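Given the coordinates of chain H, work out where chain S should sit on it, guided by the hints.
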Amino acid sequence: MHIPDGFLSAPVAAAGYAASAAVLALAVKRSGQTLEERQVPLLGVTTAFVFAAQMLNFPVAMGTSGHFLGAVLAAVLLGPLNGCLVFAAVLTLQCLLFADGGLTALGANFFNMGVVGGVGGYALFRLATALLPRSRRGFLFAAALASWISVVASASACAVELALSGTVPLGLVLPAMGMVHAIIGIGEAVITVATLSVILAARPDVVGEWRGPSPVLLVGETSS
Amino acid sequence: MNRSLWIFATAGLLVALCLAVFVSPYASSAPDGLDRVAADKGFLDKVHDRTIWRHALMPDYLARGLGDGPLSTAAAGLFGTLCAFAVGCVLARLVRRPTLGVPTLGASASLPASSPEVNDLPGEGHPQ
Chain H
1 MHIPDGFLSA
11 PVAAAGYAAS
21 AAVLALAVKR
31 SGQTLEERQV
41 PLLGVTTAFV
51 FAAQMLNFPV
61 AMGTSGHFLG
71 AVLAAVLLGP
81 LNGCLVFAAV
91 LTLQCLLFAD
101 GGLTALGANF
111 FNMGVVGGVG
121 GYALFRLATA
131 LLPRSRRGFL
141 FAAALASWIS
151 VVASASACAV
161 ELALSGTVPL
171 GLVLPAMGMV
181 HAIIGIGEAV
191 ITVATLSVIL
201 AARPDVVGEW
211 RGPSPVLLVG
221 ETSS
Chain S
1 MNRSLWIFAT
11 AGLLVALCLA
21 VFVSPYASSA
31 PDGLDRVAAD
41 KGFLDKVHDR
51 TIWRHALMPD
61 YLARGLGDGP
71 LSTAAAGLFG
81 TLCAFAVGCV
91 LARLVRRPTL
101 GVPTLGASAS
111 LPASSPEVND
121 LPGEGHPQ
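So the sequences go chain by chain: H and S.
Read in the numbering used here, the first sequence has 79 at position 79, and its numbers run on one by one without any break.
Read in the numbering used here, the second sequence has 107 at position 107, and its numbers run on one by one without any break.
Chain H with its partners taken away, still in its complex shape (with noise of 0.2 Å):
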């Protein structure tokens, strides 16, 4: 869902530019306080394997493809910011070497999918973490729910930019996005998922946001 040059009104552009800049700003600060210095290479591979699924488009309904966005998976593996500093890193170089999204689009392409998709889906995540149980399944689950919830929500905020550039009603738009989106991101939470358990698998203390459950089920058993 990467906007093309032309589909922004100059103040829409400007608007997505601003937002974006201040959240990157956050970003940048606070992961100068929190980032460690182990988590350099995992935010390297984050962007490799973000730039590198989203080159996979997969056929969707009616003769329509979609791909995988990963702003849920890289908000859960480093962070929110860290995730927006990966997203600003992967939108730039498609928008650059590529030619994948407008230059004038990139700053609400950014916003689109890193901070409404990427934060907006960690914070969903968050929450479906607290009420769901503690468990692998559990966080999987939350991580399946925010990831279908973070494309439909991207693709929502692109239409809303596009009905208020005057390209599109929104009447128009944000059910046609909605509806395409909807189905996109089921592939986005299979593909979420299946990433996150190969990772829980293999390197559990890479996932940022797993808190347990063995050392809890651990304390438990050896206090008892």
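To give a feel for the contact side, a few chain S residues facing chain H, derived at Cβ under 7 Å:
{"no.": "1", "residue": "L5"}
{"no.": "2", "residue": "A9"}
{"no.": "3", "residue": "G12"}
{"no.": "4", "residue": "A16"}
{"no.": "5", "residue": "L19"}
{"no.": "6", "residue": "A20"}
{"no.": "7", "residue": "S24"}
{"no.": "8", "residue": "S28"}
{"no.": "9", "residue": "M58"}
{"no.": "10", "residue": "F85"}
{"no.": "11", "residue": "G88"}
{"no.": "12", "residue": "R93"}
{"no.": "13", "residue": "R96"}
I should point out that these hints are in silico values taken from the structure, not numbers from a laboratory.
Since we're looking at a predicted model, the values are computed, not measured.
Built from N, CA and C at the ideal position, the CB exists for glycine as well.
Relative to chain H, chain S alone:
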């Protein structure tokens, strides 16, 4: 710990490279969600014919000079994934306040060197 994380990162990078090189050439070329909606709702023609984008390095994930076949996409995927890994690592390093880390290292390195000097001074005074 850190060493094995680089091993994890290398393994992850290899997976990403395999996806980009061997799978992406066979990805669906159907229009994506936004393109499809733009075509259906009649605003696809608003796309600027991106004059600047003629100069993008590999427009539409096709390496220049390799045509528009699978090989071209694979080359673009290889290049892009390696770039993404490098940019991610460099960005994380830059953001991580290098000014905080370097003086700490310098200070701890100069401590053992300076402490013998401090000890030497009273040591010289003692025999006299």
